[in-house]
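The listed protein sequences derive, respectively, from chains A and B.
Position 469 of the first sequence, counting from 1, maps to 469 under my numbering, and the rest follow consecutively.
Position 50 of the second sequence, counting from 1, maps to 50 under my numbering, and the rest follow consecutively.
By construction, these hints were calculated from the structure, which means they are not laboratory data.
Just so we're clear, the structure is a prediction, and the values are computed from it rather than from any experiment.
In this text, a Cβ means the ideal position worked out from N, Cα and C, and glycines have one as well.
A couple of the hints might just be wrong.
Below, computed lysine-lysine pairings styled on BS3-like, alpha-carbon distance capped at 25 Å [said to hold, decoys possible]:
no.	chain 1	residue 1	chain 2	residue 2
1	B	Lys273	A	Lys336
2	B	Lys183	A	Lys481
3	B	Lys273	A	Lys311
4	A	Lys229	B	Lys305
If you want the ones that stay clear, here's a sample from chain A, every Cβ over 10 Å from chain B, calculated [as the list claims (entries may be wrong)]:
no.	residue
5	Thr25
6	Gly117
7	Glu264
8	Gly489
Simulated coverage check for chain B against chain A, where a stretch passes if three residues somewhere in it have a Cβ under 8 Å from a Cβ of chain A [as the list claims (entries may be wrong)]:
no.	region
9	61-74
10	223-235
11	288-295
12	333-344
Single-letter residue listing:
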Amino acid sequence: MTNSIDDIADEAKVFFITGSNTTETHPVISYRIRRAIKNGAKLIVADPRRIKMAENADVFLQLKPGTNVALLQGMAKVILDEKLYDEDFIKNRTEGFEDYAEKIGGIDLNEMAEITGVPAEKITDAARIYAGSDPAAILYTMGITQHTTGTDNVLALAGLATLTGNLGKRGGGVNPLRGQNNVQGACDTGALPNVFPGYQPVSSPEANQKFSEAYGAEIPDKPGMPMTKMFKAALEGQIKGVYVMGENPAVSEPDICKITEALETMELVVVQDLFFTETADYADVVLPAASFAEKDGTFVNTERRVQRIRKAVNAPGEAKSDLDIFCDLGQKLGLKGFNYSGATEVMKEIGELNPKWKGITYERLEEGGLCWPCLDENHPGTPILYGEKFLTGSGKAQFKPVDYKPSAEAPDDEYPFILTTGRSLYHYHTGTMTRRSAGLSDLYDMEKALISKEDAERLGLNENDRVRLTSRRGEVEAEVKPVSELKEGTVFMTFHFAETCANQLTNSELDPVANIPELKVCAVNLEKV
Amino acid sequence: MFKVTINGLETEIEKGATVLEAAEKVGIYIPTLCHHPDLSTFGGCRVCMVDTDGKIVTACRAPVADGMVVKTDTEEVRQVRLSNVELILASHNEDCQNCTRNNSCRLQEVSAFVGINQERMSRIRRSVEPVKEDDSNPFFHRDFTRCIQCGICIRTCEEINGVAAIHFAFRGFHTKVSVLGDKPIKDSKCESCGECVVRCPTGALYLTRPETPEREVESVCTYCGVGCGIKIGVRGDRVVKVDGNRDNEVNRGDLCVKGRYGFDFINHPERLKTPLIKKDGIFVEASWDEALDFIADKMSDIKAKHGADALGGISSARCSNEENYLFQKLFRAMGTNNVDHCARL
Chain A
1 MTNSIDDIAD EAKVFFITGS NTTETHPVIS YRIRRAIKNG AKLIVADPRR
51 IKMAENADVF LQLKPGTNVA LLQGMAKVIL DEKLYDEDFI KNRTEGFEDY
101 AEKIGGIDLN EMAEITGVPA EKITDAARIY AGSDPAAILY TMGITQHTTG
151 TDNVLALAGL ATLTGNLGKR GGGVNPLRGQ NNVQGACDTG ALPNVFPGYQ
201 PVSSPEANQK FSEAYGAEIP DKPGMPMTKM FKAALEGQIK GVYVMGENPA
251 VSEPDICKIT EALETMELVV VQDLFFTETA DYADVVLPAA SFAEKDGTFV
301 NTERRVQRIR KAVNAPGEAK SDLDIFCDLG QKLGLKGFNY SGATEVMKEI
351 GELNPKWKGI TYERLEEGGL CWPCLDENHP GTPILYGEKF LTGSGKAQFK
401 PVDYKPSAEA PDDEYPFILT TGRSLYHYHT GTMTRRSAGL SDLYDMEKAL
451 ISKEDAERLG LNENDRVRLT SRRGEVEAEV KPVSELKEGT VFMTFHFAET
501 CANQLTNSEL DPVANIPELK VCAVNLEKV
Chain B
1 MFKVTINGLE TEIEKGATVL EAAEKVGIYI PTLCHHPDLS TFGGCRVCMV
51 DTDGKIVTAC RAPVADGMVV KTDTEEVRQV RLSNVELILA SHNEDCQNCT
101 RNNSCRLQEV SAFVGINQER MSRIRRSVEP VKEDDSNPFF HRDFTRCIQC
151 GICIRTCEEI NGVAAIHFAF RGFHTKVSVL GDKPIKDSKC ESCGECVVRC
201 PTGALYLTRP ETPEREVESV CTYCGVGCGI KIGVRGDRVV KVDGNRDNEV
251 NRGDLCVKGR YGFDFINHPE RLKTPLIKKD GIFVEASWDE ALDFIADKMS
301 DIKAKHGADA LGGISSARCS NEENYLFQKL FRAMGTNNVD HCARL
């Protein structure tokens, strides 16, 4: 997030939530937003489903899955035409406005309405509300990013925030709500193929030299392979061994048949987890890991706040923390610098190599969390980014107009429905933890593929009828639930349940920049069984 | 600032403050049942009655006035508080031994303070009709015989998480806290966050597994990216409870259903307890040395034969920063940048 939870919850006058089912995926943030709305803030929700948040919305835009760019550029068009933009901000803190304005100005709003299925009047209303109150905060999640046009979607959102001067100030910003407890931290600490800790590019000669020296190794300056490409590479014989920690790709990755096939071909598959997962079936070695309650360390939350986790109980049996396992394995591999006394010492090393975390120490974290960048031991942390300048060469925000491109797969006669996937309040990812928590499974015990009432009537389907869903990649059987929250032609499933694995169907086509798969749109058929 | 005198103690407090807040400031206890600092004022229980300049008012609602003289222990105040508590107790389940809130119950605390006469109570007590409790939610049940209709649960649901799943229904003696259509709460729009259970002053909303921890450890929730501060309640070597940490700046005590109740997996019997190596298609238990030697040999072998880029590391958004850091360090020190994690899923 560019901003902190507190400043947007307390000070935003408008929330624009798109591609985020906030009440189910980030419940505690949704409490804060509902409270703000009760205190007079306005809400715009854009989502293919009439999610719970839509009940509180001033405008609800039920767009067709995969048409985000058309909707967002349509809003930008209205803001430009009606001169609702922030002239001072554009003049002082941005560049590329003329090109952007020219390109967006050429858009036909009615065409955007046609593409998105959202009436032009509603797009206009949303634009006026977003640009009409200051400050306005954008919140999004995977509904924006899990598309072959994910990067374009984010650029289009950033365009709206830049146009209206909603960056670098309290109550505004472009705020991706991070889905997993430490997904922000995993990125920050360099568990990415193209960057070292602190987003220092592996291809930068200075960074590469620094880390190569620190690790006593020659680290290639070519970015590695993202996970979404590793399995394809394994099928082509390029990847021979994979080490999987705390992850269940045999259920969570798109196009599962290909993933399991790839796991079978590899010479070495290591799975390190709390439980014997579906992926563990394909492993050569399975290692028992400690849970979050059984170790010391830190997580980074969605607002870049580094916070302490503390050991409460002992891990069962011989299970060990991942940290201890890597210390042992590193030494067995003959690698230098794997004899740490504990998490504190590792954090010290991170601070030495990542300037953005230099000021973060375990002593300071005892007093509370710190938002990075935190540049030295007296730095208070940075809850709001871009207050002074942007991370561009000129320090100015750059407008990047994008073109609407359709999703990789469109519905046709053979596969006439669009499947979009997501999450439930009661479960987490592939359910390895939540499905072993009795009460959560009582409240949500099996997948129900959601279909529109219109489609249910047309196909003669009632609640709990079993259907076979098929796509170009696989098939799965599940019970259906007709709902009014979906438009005709759209099907919704979660990916929590291995036995009704939605990812048998999903498309592994990637966004060319971010390498994120198009989990939010694929074409499927469904028939009663 | 207004000058207020309470039981002869003088204090200054800002305009708009209530008599209850003024009393708290000088350290004078006023019994309350429906008051909660997180919530709007209700003024329904009538046990916080005080005398302000000769008038009997509810301390939680009455604003202070400059020069106000407050008395909290006159005969009249004692009598009106006692009567109001007696009326609540008259319809209240008297089996405290079988209540999960025995010894941590606000009604017990207030009853003890106002001084209940058991003999008199037994005369005025209504026979409580057996009302079936709502046991539809797996985490908490609703026992209507212990509900004092303070409305704290209703205001919590409305004001804390904004769901508004419950409200008062019916009239007079039949008044109860209900969901739309008086259905079991599981069939309502309740999100099972448990915020109401945390604030219920009696045992009306009670945990189905009410284990009291021996000690608490401050940590952060393991589910979504909000990063709510939690207190892990431990008994022996088991996690038995999770509470929101009110001192944490992210959530200030709020939690959702997963964060508060989804901790069974930690103590689950299916946890992996020993390394396993697949031999002839069957997993057999192995020592750490055997397992790590096997992995180190295989990784070194693949690197020697095909180069380090034939290895791939999938790290985890569930693991700590320190662990992710070591994971990428290990693979990069092996000579490959093929390291990633589940950020895109």
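Cross-check of the supplied hints:
1. B:Lys273 <-> A:Lys336: Not satisfied, since the Cα-Cα distance of roughly 29 Å exceeds 25 Å.
2. B:Lys183 <-> A:Lys481: holds (21 Å)
3. B:Lys273 <-> A:Lys311: holds (18 Å)
4. A:Lys229 <-> B:Lys305: holds (21 Å)
5. Thr25: violated (6 Å)
6. Gly117: At roughly 27 Å from the nearest Cβ of chain B, Gly117 of chain A sits farther out than 10 Å, so the non-interface label holds.
7. Glu264: holds (12 Å)
8. Gly489: The assertion about Gly489 of chain A holds, with a minimum of 25 Å to chain B.
9. 61-74: violated (count 0)
10. 223-235: This one holds; 9 residues, not fewer than the three required, reach chain A with a Cβ under 8 Å.
11. 288-295: It holds: at least three residues are needed, and the region 288-295 of chain B offers 6 whose Cβ sits within less than 8 Å of chain A.
12. 333-344: holds (count 12)
Hint check: violations occur at hints 1, 5 and 9; the rest are consistent with the structure.
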